[in-house]
Amino acid sequence: MPTLLEVKGLKAGYGPTHVLHGLDFRVDEGGVTALLGANGAGKTTTLRAICGMVRTEGAIDFLGQTLQGRATEDIVRRGIAHVPDGRGTFMELTVEENFRLGAYTRRDREIQADFDRLCGWFPRLKQRWRQQAGTLSGGEQQMLAIARALLLRPKLLLLDEPSFGLAPLIVQEIFGIMRRIRAEAGVGILLVEQNANLALELADLAYLLETGSIVMSGIAAEIRQDEAIRRSYLGY
Amino acid sequence: MDGLAHQIVAGIATGGIYASVALAIVMIYQATHHVNFAQGEMATLSTFIAWSMIQAGMPYWVAFFGTIVVSFAIGVVVERILIRPVANAPVLTMVGVFIGLLLIIGNATGWIFGYTTKVFPSPFASDRPLFGGLVSAHELGSTLVTLAVLTLVWAFFRFTRLGLAMRAAAYNPRSARLVGIRVGWMLALGWGMAAAIGAVAGMMVAPVVFLDPTMMLGILLYAFAGALMGGIDNPAGAVLGGFSVGVLENLAGAYVVGTELKLTVALAIIIGVLVVRPSGLFGRVVLSRV
Chain H
12 MPTLLEVKGL
22 KAGYGPTHVL
32 HGLDFRVDEG
42 GVTALLGANG
52 AGKTTTLRAI
62 CGMVRTEGAI
72 DFLGQTLQGR
82 ATEDIVRRGI
92 AHVPDGRGTF
102 MELTVEENFR
112 LGAYTRRDRE
122 IQADFDRLCG
132 WFPRLKQRWR
142 QQAGTLSGGE
152 QQMLAIARAL
162 LLRPKLLLLD
172 EPSFGLAPLI
182 VQEIFGIMRR
192 IRAEAGVGIL
202 LVEQNANLAL
212 ELADLAYLLE
222 TGSIVMSGIA
232 AEIRQDEAIR
242 RSYLGY
Chain V
719 MDGLAHQIVA
729 GIATGGIYAS
739 VALAIVMIYQ
749 ATHHVNFAQG
759 EMATLSTFIA
769 WSMIQAGMPY
779 WVAFFGTIVV
789 SFAIGVVVER
799 ILIRPVANAP
809 VLTMVGVFIG
819 LLLIIGNATG
829 WIFGYTTKVF
839 PSPFASDRPL
849 FGGLVSAHEL
859 GSTLVTLAVL
869 TLVWAFFRFT
879 RLGLAMRAAA
889 YNPRSARLVG
899 IRVGWMLALG
909 WGMAAAIGAV
919 AGMMVAPVVF
929 LDPTMMLGIL
939 LYAFAGALMG
949 GIDNPAGAVL
959 GGFSVGVLEN
969 LAGAYVVGTE
979 LKLTVALAII
989 IGVLVVRPSG
999 LFGRVVLSRV
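One line per chain: the protein sequences are H and V, in this order. For the first sequence, the positions run 12 to 247 when the working numbering is used. For the second sequence, the positions run 719 to 1008 when the working numbering is used.
Here chain V stands alone, though its shape is the one from the complex (with noise of 0.2 Å):
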């Protein structure tokens, strides 16, 4: 029973991770109808950066929150330079687009950062088992740190201007203008904030996976998964998506198929849901006349 409860805890921790990079695709999936397939990479570079900012000596928080700002501004770039000039070119472009960011994004990290595997330090560090044993430190701080980043993105398009500014002009872009929305600076800040968001995903789970230029590709299927189990539409469905994805992938792996066929269940559920239930468990279902 003991290991039940753990096993489910530990999918919690991880679920966690995945509903961050879920949010991050859903997104910029709500703002452009397309799915940005180098999210993970753009991650895996944030984590790298990190590394290298502790390597040289910074305190851990001053590494996190640097890393931060560097990751949104990243993402802000690569919206204005890379996906700008695109954006209102047919779909088959926009994938080519992302594939080549992904691999440009990816190659490059493991150019800089070389291809071994690194240690990444978790500031949760307590030899200690927690609450008899049922949860790590680095799970519950992480898992803490996810919920603090996903209640401040929410509080953000809740309660603020620019937040509501960015709803407007992700539904309705040409109504968005008429009430003198930059809608450009927009979707640039959505590119930021999904970037940063997908950064503190990196930094939490480095520890576990630990840090390599690979590191997010499987994170980022499980995201999915998440992301379409909820919804691709509906951010907080995505979120929920990405628990429920890391409680059931943790499950299966630890009694139904094993650690080594553990990558198989995102997949199966990416395939489930897009068979059975296409609009996700939230997503909206749209009708048209014809």
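Excised from the complex, chain H in its bound form (with noise of 0.2 Å):
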């Protein structure tokens, strides 16, 4: 599989903070990569630098071309979708127009097919359709955000640990719908997740990270098969 994204010595922080010390990291077109890590590992500031949220020094190229020095809104312009920490949903808007402002940059005429196609996988969002985001419940806030993110049509999709605080049987939900994604969407993804068991069943490379370094990496299922290294770096 050809390339996405593909990272080479990220550096990043946060003022005089140095959170992240080099990060070499690939998501392949239409694949899965996952970030695993504790807190505080630097995983979600991984997801920011790329999106140009904070300051980053080092390659990130995306199709061949670098995003470095890029504002946020043409970083997205170029097809990278973000799913951030807290959602990124617009709790004082409505479902409709968390979905209208999803497809904000296109101009093509398939995104009402797009809003039929989403609203069939996600049928509580379609319940919900003009009611206030901020009145959902926390997973179908989750399924609203990601919904959104999808409906940039994105090449990439940057996930910030979508089962957080999430009920199992949502949990298992949300991961059904990334297995769809996957399949019938094209999308590559770099998941961030602290369930590392779900998010190797997903992937297809994997890296662990551990204060702001990557400790580890290789195939998603090799890793998952490797019980020394379940043992000792991801705790079950």
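For the record, the hints were derived by calculation from the structure and aren't laboratory data. Possibly wrong hints are sitting among the right ones.
Here are the simulated distance ranges between beta carbons [as the list claims (entries may be wrong)]:
no., chain 1, residue 1, chain 2, residue 2, range
1, H, E68, V, L999, 45 to 53 Å
2, H, N50, V, L999, 36 to 44 Å
3, V, Q773, H, D119, 48 to 56 Å
4, V, M776, H, G97, 48 to 56 Å
5, V, A873, H, Q79, 39 to 47 Å
6, V, H751, H, N50, 27 to 35 Å
7, H, A124, V, L821, 54 to 62 Å
8, V, L985, H, Q79, 49 to 57 Å
9, V, S997, H, D85, 34 to 42 Å
10, V, R879, H, G80, 24 to 32 Å
11, V, G784, H, R120, 31 to 39 Å
12, V, L821, H, Q79, 41 to 49 Å
Not everything, but these chain H residues come out facing chain V in the computed CB check (under 10 Å) [stated by the list, open to error]:
no., residue
13, G63
14, E84
15, D85
16, A92
17, F101
18, Y115
Part of the chain V face toward chain H, derived, beta carbon under 8 Å [claimed, not checked]:
no., residue
19, L896
20, G898
21, I899
By construction, the Cβ of each residue, glycine as well, lies at the ideal position given by its N, Cα and C atoms.
Using the hints, build the complex out of the two chains.
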């Protein structure tokens, strides 16, 4: 598979604090890459760095072009959709308005068809169509955030802990949807997760982050099989 | 009884002016969480621009719409050049910039156009009183213009793609960037629209209060009272607050405190709202857990 996103020697931080100390990783076209690690390892910062939300050093190449130094809105317009921590939904606006904003950069005629398709994937959002997003449950908000991101018709989807704070059943549902995105939409996914088991099940490639450095990487399926790695790094 | 009805109708007419300026204040407040103290002076400058156009022989409505376009441009330029560089500065810096803007625009207006009071024409001039003297032609006309402006603004935010994007940028700039909205330009657009709304308010009130560089000073206070009363983060509330303050002010002026102390009503409302219900009648109460 050709490479979609290639990151080399990525450093980033907030003010004088350095959070990332030179990361190398990649996402293939239509593939899923998982970034694993404990709280504070730098997973969220990595996603922010790709989206131009923090100052960075190093190379971030997307489809052969650098994203370095570009504004967030321009990076988004190139086809990178980010579901940030805290989800990034517009709480004050309705589900419908959140959908419309997801497709904000698009001018094509298939927006309505995409609305229908996503409502098929997330029937509960269809039921809440005219409701304020802030009144949705946590799981519904996560679904809305993912739907909003897919409406951009991205080539790369950045997901920041989609399972965070949700009940196990809802988490299953959301990972089911992600399998579907992978199979049907042909979107590359960079998935940040604390739930290593779930993430490795979905991913092709996996990287383990510890305090801003990658301490281990490889094929997700192999890591899952390797009991020693699982015990020492992933703790299950 | 006729007197009371007339006071209420006249209150609604001036209330419309306050509602427009309150809406302009709230639009900028929602996006930036700062109050543009210079909103009134910007409207005064716009009205002087309209006055010059009319003096130069332009028909009223050409000058009216020309002024709206020019004011919009001024609003955008002010945001780009003066506000943007300090967008992330501390609150006191922002307050300083707004007060500076108020002084600069106010004094520049006086310097360019002079401090003598000028007569500003009304497009609704009619010698005959309407509805048996209940309402003057200008009161009725300016109220209709105000309502048209408010309806247009509402429809713009409710139904258009750009309006939705501006709301999104105001509510949640970070998320707005993540759907590809150019947030910086949305702010500039908001400033332009606020300036244009202020310009209409200025042109509608000038025939009543006469045109001079301090024309909007009192009006800004009433508008601010209206915005606070309705809830400074709620555009619809601010509009309703503006109309209420207009009626209250007129009634209090006619029956309670007299015209000399009318401005006190605005200040009393401001203090009253801040003490009793800081979020206003329709504002959002923000709770945070510690």
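Quiz item: Measuring from beta carbon to beta carbon, are V:S997 and H:D85 in 34 to 42 Å?
Solution: holds, 37 Å
Exercise. For H:E68 and V:L999, compare the CB-CB distance with the range 45 to 53 Å and indicate the outcome.
Key: The hinted range 45 to 53 Å holds for H:E68 and V:L999, with Cβ atoms some 51 Å apart.
Self-check item: Satisfaction of the hinted span 54 to 62 Å by the C-beta atoms belonging to H:A124 and V:L821
Solution: holds, 55 Å
Quiz prompt | Minimum beta-carbon distance criterion (10 Å), H:Y115 to chain V | solution = holds, 5 Å
Exercise. Identify whether the interface hint at H:F101 stands, where standing means a beta carbon of chain V within less than 10 Å of its own.
Key: With Cβ-Cβ at 6 Å, under 10 Å, it holds.
Quiz item: Range hint 48 to 56 Å: satisfied by the CB atoms of V:M776 and H:G97?
Solution: holds, 53 Å
Practice problem: Could you check the hint for me, namely that V:A873 and H:Q79 are 39 to 47 Å apart, CB to CB? | Solution: The hint (39 to 47 Å, Cβ to Cβ) holds, given that V:A873 and H:Q79 are roughly 42 Å apart.
Quiz prompt | Range hint 49 to 57 Å (beta carbons of V:L985 and H:Q79) holds or violated | solution = holds, 54 Å
Quiz item: Hint check: is the beta carbon of H:E84 less than 10 Å from a beta carbon of chain V?
Solution: holds, 5 Å
Exercise. So, H:G63 near chain V? Judge it on the closest CB pair being under 10 Å.
Key: holds, 9 Å
Exercise. Mind checking the hinted window 41 to 49 Å against the Cβ distance between V:L821 and H:Q79?
Key: holds, 43 Å
Self-check item: Interface restraint verdict for H:A92 against chain V (beta-carbon cut-off 10 Å)
Solution: holds, 8 Å
The earlier numbered hints are all upheld by this structure, with none contradicted.
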